[in-house]
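Protein chains: 2
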Amino acid sequence: MNTEFAHHLVKYISLSPEEYSTIETYFSERSLRKGLRLINAGDMVQHTYWVKKGLLVSAYNEYSGKEYIVQFAIERCWITDQNAFYNQTKATFNIQCLEDSELLAISFENREKLCREVPKMERFFRRKANDSFVKLQRRLLTYLTADAKARFDQLLDEYPGIAQRIPKKILAGYLGVSRETLSRL
Amino acid sequence: MNTEFAHHLVKYISLSPEEYSTIETYFSERSLRKGLRLINAGDMVQHTYWVKKGLLVSAYNEYSGKEYIVQFAIERCWITDQNAFYNQTKATFNIQCLEDSELLAISFENREKLCREVPKMERFFRRKANDSFVKLQRRLLTYLTADAKARFDQLLDEYPGIAQRIPKKILAGYLGVSRETLSRL
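As given, the protein sequences belong to chains U and F, one line each in that order.
For the record, in the first sequence the residue sitting at position 180 is 180 according to our numbering, with numbers rising by one throughout.
For the record, in the second sequence the residue sitting at position 31 is 1031 according to our numbering, with numbers rising by one throughout.
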């Protein structure tokens, strides 16, 4: 039993050990070395992932070569190309490991099945999605108000310790500031 | 029976007429005149709203008086202060009617009860939340890439006809551009 994952779930729902055992059977483990791609833009996306260990980054790459950082995922975060996964279409983003990573994976089909077999997981995914929406809205607000400092504070709040784990260039890219501005934040 | 609302629900889930009748009992109707506030920043937020008719805007107002447009809602959209509603805390945003509006309201408590009585509604809210996340992420990407034209196109795609219904000043505020830039888009 993956205690960390159980802890993550019970932050949103109550679960019996039997229910948790059933849930676990729907997930498979996946390990990926630092530098490897989990998802390539243009791929069909069958899975969403929960991070047991490691660090991943989701990025949007323009043809020009310019890269925009969409999302990070550290321990206890979910990551996938959300649009591609929920709508079963092709990925827009590239998702890459910045550290050796250990993931739990669930396919689109199995996620739907799991929600039917353990309806509490439907509740879990609803609450998690509401939570993620609010976090994304908070991030959007820092763009509306052009407040890079607030964006940095939120990042540290949401992903404690992340600033020490990612290259300065990627951090500046996420915040939408130059490296000079970053050093002042 | 509100046919429009039933149509909205069955885009995400299948429903029998009996299930729909049960669902309807959880919602109350609310009418609000143009110019009136549905939610004030600082309020506790008990309800989320589905728009039968009308147009509302959610805004973040700084002490300085500067206003940032967070979200619009037209027919068949949901609106509330999401953070305040989901976490049962105080509103950050002001939500105001830009037209006379007719709403269906459901309280936080009743939404949880409804999900227990009609589990398909748990599925509905999960899928709707996933959808909303993807739309917000797409909007965020237009800020990352500083592409106001893409932002405008997405707005028209998501809320057909909205450009004719809102004051130019608010539209420019939503897009984060000057009125001169807006006239070129």
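Simulated from the structure, these hints should not be mistaken for laboratory data.
There's no promise every hint is true.
[Stated by the list, open to error] FRET-style restraints, in silico, Cβ to Cβ:
hint, chain 1, residue 1, chain 2, residue 2, range
1, U, 31, F, 1011, 35 to 43 Å
2, F, 1149, U, 67, 17 to 25 Å
3, U, 35, F, 1041, 25 to 33 Å
4, F, 1162, U, 33, 24 to 32 Å
5, U, 90, F, 1165, 28 to 36 Å
6, F, 1011, U, 6, 33 to 41 Å
[To be verified] Incomplete in silico selection of chain U near chain F, CB under 7 Å:
hint, residue
7, 63
8, 86
9, 116
10, 122
11, 126
12, 129
13, 130
14, 132
15, 143
16, 148
17, 152
18, 154
All values reported here derive from a predicted model rather than from experimental measurement.
Glycine included, every Cβ here is placed at the ideal spot set by N, Cα and C.
Tested hints:
1. At roughly 39 Å, the beta carbons of residue 31/U and residue 1011/F sit within the given window of 35 to 43 Å.
2. The hint said 17 to 25 Å for the Cβ distance between residue 1149/F and residue 67/U, and at roughly 20 Å that hint holds.
3. A C-beta distance of roughly 45 Å is found between residue 35/U and residue 1041/F, which places it outside the suggested range of 25 to 33 Å.
4. As the Cβ distance of residue 1162/F to residue 33/U is approximately 47 Å, the hint placing it in 24 to 32 Å is violated.
5. Range check, residue 90/U to residue 1165/F: about 34 Å between beta-carbon atoms, so the 28 to 36 Å window is met.
6. Taking 33 to 41 Å as the suggested C-beta distance range, the pair residue 1011/F and residue 6/U conforms, at roughly 34 Å.
7. With its C-beta approaching chain F no nearer than about 12 Å, residue 63/U sits outside the 7 Å limit, and its interface hint is violated.
8. Checking residue 86/U against chain F by beta carbon gives a least distance of about 5 Å; that is within 7 Å, so the hint holds.
9. At a threshold of 7 Å, the smallest CB-CB gap from residue 116/U to chain F is about 9 Å, leaving the interface hint violated.
10. For residue 122/U, the shortest C-beta to C-beta distance to chain F is roughly 5 Å, which falls under 7 Å, so the interface hint holds.
11. Annotation: interface hint on residue 126/U holds; nearest CB of chain F at approximately 4 Å, less than 7 Å.
12. At a threshold of 7 Å, the smallest CB-CB gap from residue 129/U to chain F is about 3 Å, leaving the interface hint in force.
13. Because the beta carbon of residue 130/U sits about 5 Å from the nearest beta carbon in chain F, less than 7 Å, this interface hint is met.
14. Interface restraint check for residue 132/U: the shortest CB-CB distance to chain F comes to about 6 Å, inside 7 Å, so the restraint holds.
15. Given the 7 Å rule on beta carbons, the hint for residue 143/U holds: about 4 Å separates it from the nearest Cβ of chain F.
16. Interface restraint check: residue 148/U against chain F, minimum CB-CB distance 12 Å, threshold 7 Å, status violated.
17. For residue 152/U, the interface hint is violated, the least distance from its beta-carbon to any beta-carbon of chain F being 15 Å, above 7 Å.
18. Taking 7 Å as the C-beta contact cut-off toward chain F, the hint placing residue 154/U at the interface is violated, the least distance being around 13 Å.
Violated hints, in rising order: 3, 4, 7, 9, 16, 17, 18; the structure is consistent with all others.
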